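Student: Now for the letters of each chain:
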Amino acid sequence: MAALRALRWRRRLPGLGPRRLRGTAAESPEERPQFPGASAAFAERLEFIQPQVLAGIPVYRVMDRQGHVLRPSEDPQLPKEQVLKLYRTMTLLNTMDRILYESQRQGRISFYMTNYGEEGTHVGSAAALDAADLVFGQYREAGVLLYRGYPLELFMAQCYGNARDPGKGRQMPVHYGCPERHFVTISSPLATQIPQAVGAAYAIKRADASRAVVCYFGEGAASEGDAHAGFNFAATLECPIVFFCRNNGYAISTPTAEQYRGDGIAARGPGYGLLSIRVDGNDVFAVYNATREARRRAVAENQPFLIEAMTYRIGHHSTSDDSSAYRSVDEVNYWDKQDHPISRLRLYLERRSWWDERQERDWRKSSRKMVLEAFEQAEREPKPPPRLLFSDVYREMPPRLRRQREELERHLESYGEHYPLQQFQK
Amino acid sequence: SRRVGSVSPLSPPAAVSQVTVRDALNQALDEELERDERVFLLGEEVAQYDGAYKISRGLWKKYGDKRVIDTPISEMGFAGIAVGAAMAGLRPVCEFMTFNFSMQAIDQVINSAAKTCYMSAGSISVPIVFRGPNGASAGVAAQHSQCFAAWYGHCPGLKVVSPWSSEDAKGLLKASIRDDNPVVMLESELLYGVPFEMSEQAQSKEFVIPIGKAKIERQGTHVTLVAHSRPVGHCLEAAAVLSKEGVECEVINLRTIRPMDVETVEASVVKTNHLVTVEGGWPQFGVGAEICARIMEGPAFNYLDAPAVRVTGADVPMPYAKILEDNSIPQVKDIVFAVKKTLNI
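The listed protein sequences correspond, in order, to chains X and W.
To convert, take the position in the first sequence, counting from 1, and add 552; that gives my numbering.
To convert, take the position in the second sequence, counting from 1, and add 1187; that gives my numbering.
What the hints contain is simulated information worked out from the structure, not anything from laboratory work.
Predicted model only: the values in this text are computed from it and were never measured.
With the C-beta cut set under 7 Å, the calculated list includes, among others, these residues of chain W facing chain X:
{"hint": "1", "residue": "A1272"}
{"hint": "2", "residue": "A1275"}
{"hint": "3", "residue": "G1344"}
{"hint": "4", "residue": "D1367"}
Which stretches of chain W does chain X cover? Using the computed rule of at least three CB atoms under 8 Å from a CB of chain X, they are:
{"hint": "5", "segment": "1258-1267"}
{"hint": "6", "segment": "1292-1301"}
{"hint": "7", "segment": "1309-1323"}
What follows is a list of derived Cβ distance ranges for each label pair:
{"hint": "8", "chain 1": "X", "residue 1": "Y971", "chain 2": "W", "residue 2": "F1472", "range": "31 to 37 Å"}
{"hint": "9", "chain 1": "W", "residue 1": "Q1235", "chain 2": "X", "residue 2": "D874", "range": "53 to 59 Å"}
{"hint": "10", "chain 1": "W", "residue 1": "V1503", "chain 2": "X", "residue 2": "E853", "range": "52 to 58 Å"}
Even for Gly, the Cβ is constructed at its ideal location relative to N, Cα and C.
Just chain W, same shape as in the assembly (with noise of 0.2 Å):
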């Protein structure tokens, strides 16, 4: 697997370490039944199978019967009984073996988990964690392929965050636990195997990072792009690219889909004059529109030297094939040609 080096060059890590994502939502999730003992884990195969990617590892083990468990194959069903856990007191964090088969307990997440609070006039609380992966994955085809950032990011009531390396994967599954609201968490199957440097502060037991707050991954002078999840590697692999041609990019990891932190992306396009979004979900209604959007409705569209771009993945279901697969998703290449065609360069 890759190495990707999370960039921050304010301050020197002390006591560094690889850490795949996989790891360190598992730390979170360990840290955080320890923590709370309102706190359980439930979904498919997450108790004696270690989880369906393992993220669940030795929980069961440690934790047993009452925090880690099986459910039988109904999503509608266990995402209710996590709903309704949730209301009666307990923190329930409900898994997806993928986002794809959450439509089948959609119903539960938004007209319940979602709407409840403001339903209820704040009588009724649901304080529960979906969480799974989300997006593409590798020859997985149409079914299990999809992006859900612009479904959940559309419904007031949700959190929904969507972590790119380990630290923010440890960091926002802790505070998405933490918080009384629903939290959508979006992973990506793809990143679970891949290490990141994490700072001693970032694995300690307190690491909490903020759910709303985008990051900068890289500073930069000539253009803002902005991503979420697994493109933000992309992207930052387009900036190395481009710097070599003296185009400086400033890459902006969003973190969170809803509440989304649209003043750092203001800030920067106000700095750098360009905005191109790169995802991995369809261009219509999706993240970037809503980039966007925002932009042109505030203070940053003034700085706006051309217009925005997006970079998606092609609007079609996923097909199998890998060429074809392959040049479904944003590439490297789509992000540097992005920068070169709103930088007219």
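So here's chain X without its partners, still in its complex pose (with noise of 0.2 Å):
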């Protein structure tokens, strides 16, 4: 065991190690480049690299648009049960956010972000981890929590910030967090969540667990200093990460023309040290094949991997956006009818007589209703009480803090039917 450990701790040198003196037999060390930096071999001819290696980097799919799978050897051949599931997952994730969006229209939570189009993202990945991964997310992966079992009075609570909320009303909604099911809580500012997600995927290599940490985050938020502090941290420290860059197209009206000029994310990944792939986002089994052989090899390896999942984002960036501003009508549509991850895989299960109409009108049925019982159950929760606002500032609660707690809860006790404490859990 601890030849095996010493064996993953051992600094993997890249076929072209930087400082060594290299040379072949037949060369002497003047004719290879001896620099500490980085070393290949001279060039004689002046000839800049373009930004479009190799024409761009190809996008790895399972299935064409119409869910027929192209090469079965790569059909990860899931049992049904398991492709129900996702399909099932994605479905309801649609109906939940139809729900809660509209909520938000009609002044029933102050806020809202809707998955639509990249549902595929989520649950493909989700699937191909274990279940004790730890996932730190942007705020865009609400899928992945739910496939992992995170119920849907959960979500609710997290959103109307009601007494069930684990989160205690603290945060906006969609700011999930479930230590549980190993889904860190959702922080606001973007990016941030990278170079934790690699200090995080150190403490446990340290701890010799097997087990991986995958990170979420956009093409947007990649352009961020810290994507670039974490990209290089994660392979310097052989960490075992794997990134994933939901690719949707859109950081909120920013198109990725003017995000970037190289080849998207996972041209990036290489520059770092990182092993790549640029994936069908809206084809589930494409995302589950690349995150299951990404996660095996980075727990058995001890190297990040880098998936840029490309999809794209057919609802607005937020409640607080309207993207008609920015992009037509037709654009969002084509996405919509003709390339989203649930009709796909839809058309999959119904060839194999999986699924059919039936089901699928039972289905919606059932899941509106469950949706709707839990949405006016979150509705009739009262709210967290209020001396819970001094709690968890620190781990311990300093001494100022209780006395403005308890002075709270004299007033209360003398002023309280000046407040609406109905409202509130005691």
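Two chains, two separate frames, one set of hints: put the complex together.
Tutor: Here it is in structure tokens:
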């Protein structure tokens, strides 16, 4: 065991290791560059490397847009129950999104972000992970949590900030977190989760656990300095981490053409020493295959992987956005009708006779009913008790805050009838 | 380097030694790395180079790559990694080469480290220490001389400590590492090489100073001087000068910026009726401003015979030229002047 540990700790020298004098028997050291920083071979012709090295990194897919598996060897052959779970999770998420988006429009919750069009990236990757793998998200990965069994009631509780919310009503909607399901609480500033995920992966590696860390982020967040540092460190610290970039075409109104000029995010990976791949994010099996293999190797070899899942953000950025201001309805309709992860999987299911029109009707009815029930329940729940205002600033409550809490409690004892206390849990 | 004694008239120390602040910090790190294998140190140059200021001398050699890690140059990056490692169960000590560079990482320190316990409703802990030199140095100009006590002291969720003596440095660093909350420890480069007396007790492996408790370095009856970090030494020098003129100053070493031990300051002001705060940082929204506000809000206000006076750094980016730099930070004469002003003598 100690030998295995030692093996996993050994510094992997890439094929062209810096800091070593190299030269084959036939070449003297003078004929190869000896710079400590990097060296391959000398070139005697002036030539700049084009950003599009291979006319762009290709997009790996298993199914075409009509759900036909193109190469049978690439079909992961998932059992029927699991494929149905993928389908139901995506459609349930879609239903929940519609209802919660509407509830914001009606003033019932303050804010919401939908996942329309990206459901495949969530469930395809979530299905490929072990239950104990640690997930850091950005804010558009609710399907990962849903796949792991987070109940509708708690999604709603968080959005409503009611007394059932494990987050005690502290955060804006969609900032879910669940330690039991190894999903780190969502944090608003973009890309800060990237180096944190690397640090967590480092800690996990030190504990010698067979766990991976998966870090989700969008193609816009990948422009942040944190992303650069995170990728670099994951490689230098040799961490068991899978970076999963959801490239959905837009960062609020900024299209990818304005976000970067290189070949997307996958092309950056090799620059940091990361094994990288680009996949069709609307193809759940492609997402599944890539994540499964990356995860397996990240843990076995202690090295980071980068997956760029190409997809399309069908919805607005959030309820604060109206995307008709910067893109055409036709463009959105194309993705909604011609290349949607849910439709593609449904065609696959129907072709295998694992799903039909009647089941679709029944499922739409029952899933909508489940969501509406959870929704109505969440509406009726009281808010968290006022005394929770003061807890968790520090691990232990400092005397000053305790005095302030007691002051509030005394105040409410005397003047409680002037406050809408019935809306709050005792 | 000057000898400065940390006077504690109550207990005559046993085997007293002169220990520099650098060595005290080094001892603290060594002892905590040994005690808890989850503790590790990361930062630029901390490993083979022994630390930019040699605080981590010998530690990489003793504990190896797993416990002392050199990072690439990205404060944002390694602060983020440290936060993530802390969330996943380790206890990182994250060194900023100076706190000026922590501004590159300040989002990780504040939005992530400080606020996460609260925002996750207690389900995520961030037991991390950010440490490094803070405030003025010598001839390093504006971008290397800023004091961040007020910036970090502003934020709920963080604890902020600012040691002066070797005893402070060791005891507070150990306490910070053992604390389950994020702690910012503001050291002083100019103090690293200064030797202080350390009692045998202070040199022991279990010597910890409670965070949030100030120390009265010198008893007095006429005026209360409150300071943190290097200015504590200046206050003691000013007290020696003033003593010759019959003015006895009580000198309080805050030790902790947040949570601030305002009770010790209040008790002292009740006794002396006069207050002068001294800090290296800028005056606006500074540590002294907070002390004055708290005194006004509490019982000690009724005991003040004169308004409190703040002695602070000059409200300018730190200049480079030596004579300008010297006059941009509080000197002994400024403290003496402030005391005489408040005592009206």
